[in-house]
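Engineer: Single-letter residue listing:
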Amino acid sequence: MPRPLILHPDRLLPADPATRALARALYAEVAGLPIISPHGHTDPSWFAGNAPFGNATELLLVPDHYLFRMLYSQGVPLERLGIGNSDADPRAAWRILSENYHLFRGTPSRMWCDWVFAEAFGIDVLLAADTADLYFDTITAALATESFRPRALFERFNIEVIATTESPLDTLEHHVAIRASGWAGRVITAYRPDPVVDPEYIDGNGGFRENLALFSSLTGEDCFTWPGYLAAHHQRRAFFASMGATSTDHGHPTALTANLSPAEAEALFRKVSAGQFTAQEAELFRAQMLTEMAGMSIEDGLVMQLHPGSFRNHNAALFAHFGRDKGADIPSRTDYVQALKPLLDRFGNDPRLSLILFTLDESAYARELAPLAGHYPCLKLGPAWWFHDSPEGMLRFRRMTTETAGFYNTVGFNDDTRAFLSIPARHDVARRIDCGFLAELVMEHRMEDWEAAELSQGLAYDFAKQAYRL
Amino acid sequence: MPRPLILHPDRLLPADPATRALARALYAEVAGLPIISPHGHTDPSWFAGNAPFGNATELLLVPDHYLFRMLYSQGVPLERLGIGNSDADPRAAWRILSENYHLFRGTPSRMWCDWVFAEAFGIDVLLAADTADLYFDTITAALATESFRPRALFERFNIEVIATTESPLDTLEHHVAIRASGWAGRVITAYRPDPVVDPEYIDGNGGFRENLALFSSLTGEDCFTWPGYLAAHHQRRAFFASMGATSTDHGHPTALTANLSPAEAEALFRKVSAGQFTAQEAELFRAQMLTEMAGMSIEDGLVMQLHPGSFRNHNAALFAHFGRDKGADIPSRTDYVQALKPLLDRFGNDPRLSLILFTLDESAYARELAPLAGHYPCLKLGPAWWFHDSPEGMLRFRRMTTETAGFYNTVGFNDDTRAFLSIPARHDVARRIDCGFLAELVMEHRMEDWEAAELSQGLAYDFAKQAYRL
Amino acid sequence: MPRPLILHPDRLLPADPATRALARALYAEVAGLPIISPHGHTDPSWFAGNAPFGNATELLLVPDHYLFRMLYSQGVPLERLGIGNSDADPRAAWRILSENYHLFRGTPSRMWCDWVFAEAFGIDVLLAADTADLYFDTITAALATESFRPRALFERFNIEVIATTESPLDTLEHHVAIRASGWAGRVITAYRPDPVVDPEYIDGNGGFRENLALFSSLTGEDCFTWPGYLAAHHQRRAFFASMGATSTDHGHPTALTANLSPAEAEALFRKVSAGQFTAQEAELFRAQMLTEMAGMSIEDGLVMQLHPGSFRNHNAALFAHFGRDKGADIPSRTDYVQALKPLLDRFGNDPRLSLILFTLDESAYARELAPLAGHYPCLKLGPAWWFHDSPEGMLRFRRMTTETAGFYNTVGFNDDTRAFLSIPARHDVARRIDCGFLAELVMEHRMEDWEAAELSQGLAYDFAKQAYRL
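Residue numbers (my numbering), protein chains in the order written: chain A, 1 to 470; chain B, 1 to 470; chain C, 1 to 470.
None of these hints come from the bench; they were simulated from the model.
If you're wondering where the values come from, they're calculated on a predicted model, not measured in any experiment.
Check each hint, because a few of them may be wrong.
Because identical chains share one entry, a pair is satisfied inside a single copy or across any pair of copies.
Unchecked claim - Simulated pairs of lysine to aspartate or glutamate, EDC-like, Cα-Cα distance not exceeding 20 Å:
#, residue 1, residue 2
1, K271, D300
2, K341, E79
3, K341, E99
4, K465, D416
5, K271, D194
6, K326, D462
7, K465, E58
8, K341, D325
9, K326, D350
10, K326, D133
11, K465, D222
12, K271, E58
13, K326, D449
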């Protein structure tokens, strides 16, 4: 007999009864606030075209690297899940997920999925081998209905604003189409220049030099010259801003910044744009571009985000066969103190700059990031990111940053996801964890209850709007 | 008046009453499960010869580097404890431990010892200066009885299987003797090749080159040639497997692996086997040997264990006077992401390989180890190790690995000890801590109670059997 | 209407009712113990001259880099707070703090300040925009009274002994004056030789070579020769000891030590004293001087303290404009295992040496510091330091060090502050957190209640006296 699927109203709140009562009261006030999603990876074509999503597997499993990486770690070949293999039977793939759903016990994927199943689709039994087909059929049938089209879900999810992330080479045609459609949903873009900033960039469409050629043709600038290249960035940033962008995003291997003289920067650009560079020169160029981008942000007001520290595509064979973003990105040790100094020496005290820092290296929270954000006016801390976007991960973030950086040098929550249906669940987890943490502070008389109420509202809604200038 | 010695039935369970009740219920189901001890350092001669242990000091103090390192840190000379000094009076040494037993407050040694005193020996007063002689006499008298012989204790402790750890140079005569004796206790070996893999290895019997000579005479291969050396490993691994081994164990200074061409590997071997090598070449050779061992594991099915990150014999004067394993091994920062890539590039997606990773650098749990184990099919995480084999250490391990790697990419508990009498206490601590952690997840509605019950059984028993192919 | 200012009697004690009751009982026994403050930065001239403090801003805001760094991080120019700007209106500066007091929610500054406001000044409303003037007037008026003079506060705070920190170039005239005055308050100095040990030292009065010249004239030694330089240290250490010093303090960028031969050390000194050295040579000289200082400590009995790992004056523009100690010191990753080995190889087993280690890199607690202190007889662990001198920071320290180093290899609390009025609050936070941690251990039956009572007394009072030989 199937087990019931239960979303307990007190889930994720602290176990101590008095603390839980306080947390519950705090949470009740923020649970229904609109969603501010200032950083994520949803596909703007969903909202432009508003076409129905496909089936359960195509929507929920194939794009979710949290799910298929765990299955892969336990020996399930990716091909059987339909990844890099359009011949796979979606129902058979779904059955594999169902039979292995116990693997996700104790992980945030389990909580996000259960929310999607229960709240978005109204399913009341737990996913398992014996409910696989019921799930597949229920979800697939629902997806064919009007109320599961992208715009309907956007409205049902109470999303006030959502940012997607695009390359400077993107035409933003979907954002243009959304605006032209007259639909009131606020979907904005963000400027993610890695494909034209990283000399070592490579994807299915080519690499850095191919991208510079595209960058040139898109902007009319000669992007193989340093002035033309910089002018092209200026131009595209302005276009992105006109499509609602309030931020840029930088996904570098490290947090290294540089502060070269114009002549040095130009000489370095000549090397990398000619494809004649060492790994060290590539790193230096990325470093210099962070500082260039900071300079542009001071002019155009786009908030910078830096997401360093992921060793991308660690599994060489998997990358060769399946390409990027297949669950094989592994965090590594990340320094901020030396790395950010060149940028901070140049712009760190400029009140117009806002740079939001993320990390996958939690050892930097208390040691580097909180002290930096608790001093420099331009710095703020992004929320617990990626592998740390989880109950324990969020709690560690608060425990290790709050005492030095305070709450007000943080920026609320980012869902950072392409898993559209789980967005409310992710924000809900963050709200619950923050309310639980605040309730603890009240119980230990480190804060009054009315202060916790102000902060829970800030963390759930206000801080993200302010930090991202939304 | 002596203080009572109390082992509270709820020890180590969470303080919150409702959580404790849940934890107690989970624990009740696993408290009596047989012990699977897949990694440890008990002496097989105990079980072969079944001779009585000596006195309290000889059995409990002299071999326990947790105990004497703490005493040494507070100024007690090791000689007075009988270490490197057979003239020391065992009773006088025991009195020193007793007078200083307060030093262990808050440490796992205290919990393990108290269990041994209360459960194994039935003592009901706390160890202190005024009970030192009572303890010494009670324990020493008990050890002379039949029921305290090694095999009797093995049976009383409900040990289903225990692995010892031997060098390839070991004849395994005690394992042969155990099998020949007809005794039903399952004592198996594990293949720990460090003495013939580490060019910088040194102990009282000599170093790497002396060991290669022994390796040659033991196997009939010419272990000063690369093919002969590899053949000798193949031969000894097969012999170890015939003596029950299901695993190998590698105690390297770092986790570095390499993937040299056969010609490069052979050239490197020529240097190290000639004793003509730099520190870097020694490190590269160890690195290459991990990859060679992984290749052999794919063939013969032995599970690999990697225990990196200990700076051995940090105290130079102590090492010169007393030798290895005197409590002066200090953990250091350990990288896994870059270090393991060569091995993983070669074998990481092979379903036949199983590599269990340990660490002394907890900053790697959430940043590196959980993401690696949550992706690569060959990787699993060993339990909290050595200094972290403790209530707080185990909880940190679960909190920092579960959300990314899940429970099912972990392998249950290892006691990793030579302190035979404390083995049940160590497994009991792990079971209690895991049940407490699971109870928390249930209380916060991150998991259902029946799921926690399945997992507590897995963590206490099943996972170790499966992971070690026992 | 102003909010009430409430110091709850149970603040910082664990929320679980039974644990709180235990913690409250432990705390009741230690709350009133005298304060031992073996490491800090109060100004001895306060106690020598006993002049009244100025106004609220001058006493509480301008010297407190925890306060103004947070305000600066949120965009408040330091000049407006009166920092580097004697024209600023103290009342206007105080209003800025008041309006922004919410920024400190969840930080230790909030708890320390609230204690000062409520306990030292008797204020019963919360600091905010609408109470700014009330605060400024109340505090400033109180400071003009006899009972708020430095010596009166010292006595009211129940300070048994306090150590200040001085450079070897300091004449200690204030300490001489205190002793000459006949006042019974015990104010001692500590020897902090960084200005004459660090070849890269620089402050408003000059750098290392200027300091060597002063060192020469003060001691009559030729401090541009290695023997003269060492003799000058000997002489000043003896003088400091005669002014009550029982310790030295070393604020190095890293924990590196060296063990050069006398000839090598002398050759290196020739370079650095001539101002002709590389960054690496400066680092090596600092490293060698730690070992030299350890040798002198063995002779004269001064306890050594090592505070490494702060990247000083990270904000270049701020440093150029405002100088040192302006909240822009940022911790960085710190190694101890390799770094301390040269010193430990030379002196690590000498029972006369006592070296207290601090860190800003919490990842070293369990990995390096607890194992080192749990082995070497000369090593002890200083308390959670600087950014980690906070409720969560202190708890992390205990959780990550106790199981390996025990309690008895730690040294109680240091307030390490120049914020004189907050000293009782800081010790009170430490006592509460330690009692809460001990209560947890009792609740989980990891320790008996009478053991926790012994330890809470030790942590609050005895350990500091013993470790600092007071």
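Engineer: Next step is simple, just say for each hint if it's right about the structure.
Structural biologist: Going through the hints against the structure:
no.	hint	verdict
1	K271 / D300	neither (28 Å within a copy, 50 Å between copies)
2	K341 / E79	neither (45 Å within a copy, 23 Å between copies)
3	K341 / E99	neither (50 Å within a copy, 31 Å between copies)
4	K465 / D416	within (16 Å within a copy, 39 Å between copies)
5	K271 / D194	within (18 Å within a copy, 44 Å between copies)
6	K326 / D462	neither (34 Å within a copy, 30 Å between copies)
7	K465 / E58	neither (32 Å within a copy, 36 Å between copies)
8	K341 / D325	between (30 Å within a copy, 18 Å between copies)
9	K326 / D350	between (39 Å within a copy, 17 Å between copies)
10	K326 / D133	neither (26 Å within a copy, 60 Å between copies)
11	K465 / D222	neither (37 Å within a copy, 64 Å between copies)
12	K271 / E58	neither (43 Å within a copy, 55 Å between copies)
13	K326 / D449	neither (44 Å within a copy, 33 Å between copies)
Comparing the model with each earlier hint shows violations of hints 1, 2, 3, 6, 7, 10, 11, 12 and 13; every other hint is respected.
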